[in-house]
Amino acid sequence: MKKTIDEHEFGRICKEVHAEAPRLLQRSNDDSERTELLLKTVFEKVCRHLDINFERQADALKEDYAFALLQTLEERMEPEFLYSTILDRELLTAL
Amino acid sequence: MEAYVTGPSDPNLANRVLAALPHAEYERLLPRLKTVSLIVKQVMYEQNTPIKYVYFPFNAVVSEVAKMKNGQISEVTTIGNEGMLGTTVFLGSDRTPLAAFAQVAGQAARMKASDLRAEIAQDGPLMKILLRYTQGLMVQIAQSGACNQLHSPKQRCARWLLMTHDRVGRDEFVLTQEFLCQMLGLRRATVSEVASSMQRAGLIRYTRGRISIIDRHALETACCECYGVICAEHGRMFAKK
Numbered sequence: 001m002k003k004t005i006d007e008h009e010f011g012r013i014c015k016e017v018h019a020e021a022p023r024l025l026q027r028s029n030d031d032s033e034r035t036e037l038l039l040k041t042v043f044e045k046v047c048r049h050l051d052i053n054f055e056r057q058a059d060a061l062k063e064d065y066a067f068a069l070l071q072t073l074e075e076r077m078e079p080e081f082l083y084s085t086i087l088d089r090e091l092l093t094a095l
Numbered sequence: 096m097e098a099y100v101t102g103p104s105d106p107n108l109a110n111r112v113l114a115a116l117p118h119a120e121y122e123r124l125l126p127r128l129k130t131v132s133l134i135v136k137q138v139m140y141e142q143n144t145p146i147k148y149v150y151f152p153f154n155a156v157v158s159e160v161a162k163m164k165n166g167q168i169s170e171v172t173t174i175g176n177e178g179m180l181g182t183t184v185f186l187g188s189d190r191t192p193l194a195a196f197a198q199v200a201g202q203a204a205r206m207k208a209s210d211l212r213a214e215i216a217q218d219g220p221l222m223k224i225l226l227r228y229t230q231g232l233m234v235q236i237a238q239s240g241a242c243n244q245l246h247s248p249k250q251r252c253a254r255w256l257l258m259t260h261d262r263v264g265r266d267e268f269v270l271t272q273e274f275l276c277q278m279l280g281l282r283r284a285t286v287s288e289v290a291s292s293m294q295r296a297g298l299i300r301y302t303r304g305r306i307s308i309i310d311r312h313a314l315e316t317a318c319c320e321c322y323g324v325i326c327a328e329h330g331r332m333f334a335k336k
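Going down the list, the sequences are from chains A and B. Here the first sequence is numbered in our numbering, starting from 1 and rising by one per residue. Here the second sequence is numbered in our numbering, starting from 96 and rising by one per residue.
In short, the hints are calculated from the structure, not lab data. Quick caveat: nothing in here was measured; it's all calculated off a predicted structure. From the three backbone atoms N, C-alpha and C, an ideal C-beta is built for every residue, glycine too. Please note: incorrect hints may appear among the correct ones.
[Said to hold, decoys possible] Here are a few chain B residues that sit away from chain A, every Cβ distance over 10 angstroms (derived from the structure):
{"no.": "1", "residue": "P106"}
{"no.": "2", "residue": "R123"}
{"no.": "3", "residue": "K207"}
{"no.": "4", "residue": "D218"}
{"no.": "5", "residue": "Q238"}
{"no.": "6", "residue": "Q294"}
{"no.": "7", "residue": "E328"}
[Said to hold, decoys possible] To be clear about the criterion: a stretch of chain B counts as covered by chain A if any three or more of its residues have a C-beta under 8 angstroms from a C-beta of chain A, and this derived list gives those stretches:
{"no.": "8", "stretch": "126-133"}
{"no.": "9", "stretch": "136-148"}
Chain A with its partners taken away, still in its complex shape:
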């Protein structure tokens, strides 16, 4: 059976990445790069939680890590939750 992710777990991952953000972003001044770095890190952690290979998953979706994260959440969240709200609250507005 495919593993799923719930709101609580996703919130925990976002908080974790938020705590790592100063280290992750220390060398980047570019807004797109900073957003992508954070979303890629969230994507890696989400994939680890779901027991899927993050590179293979991104390849399968043929897109950048940002979209790959969102689509993976679409496919594996259970029960449904507003993942954008959590991303905004915990992560993107802190950039």
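Got chain A sorted already, so can you dock chain B onto it with the hints?
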């Protein structure tokens, strides 16, 4: 129906505001324009915080949204190659209660808000073009508001897809279901139902967040009058005077 225009060799000129500038004026502004890549979810500005940059999208699509205290989001408008994100700055303010983020990844020209203010103070061609664009944007916001009140989810979805199709300049783009729900103010089940019915009718293909426009003509037929009204207004604003 007039669709938005894309595709000249200078990427900046894929943006209709920049393309409408007299050549000498465009050359003068060029050093203040920086080409940037925008990725999905990238925040351009947050609610009530100083706006640092304005953006002239080439093939990216950005959304201005209203955020509620409980985290719910509703789209106010989308901006693509027909315009500029940052009319707030143009209209003399430095912040807005709305937030803006990239909804479809792509490229845009970015200008510092302070540079735009300096340009506006000169009352030159950019000022005049942005006044016309702002009129088009106001009509787009008003017409979309009316559309959301009066028309069916399928018609609204068709309008939104046609506008995005025009702006990205390609038949395929990615969009999650959550985005579509937020943009159209619909429930997830409704969006899913509409996408399935459009897919069955051969208008689009929607797989794993990837939307392909299969039959644009049929999509235009499925759409309400609002798409045409918005396109015509933007077209009128940019028509040679």
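Problem - Indices of hints not satisfied (ascending) - result: As far as the earlier hints go, not one is violated by this structure.
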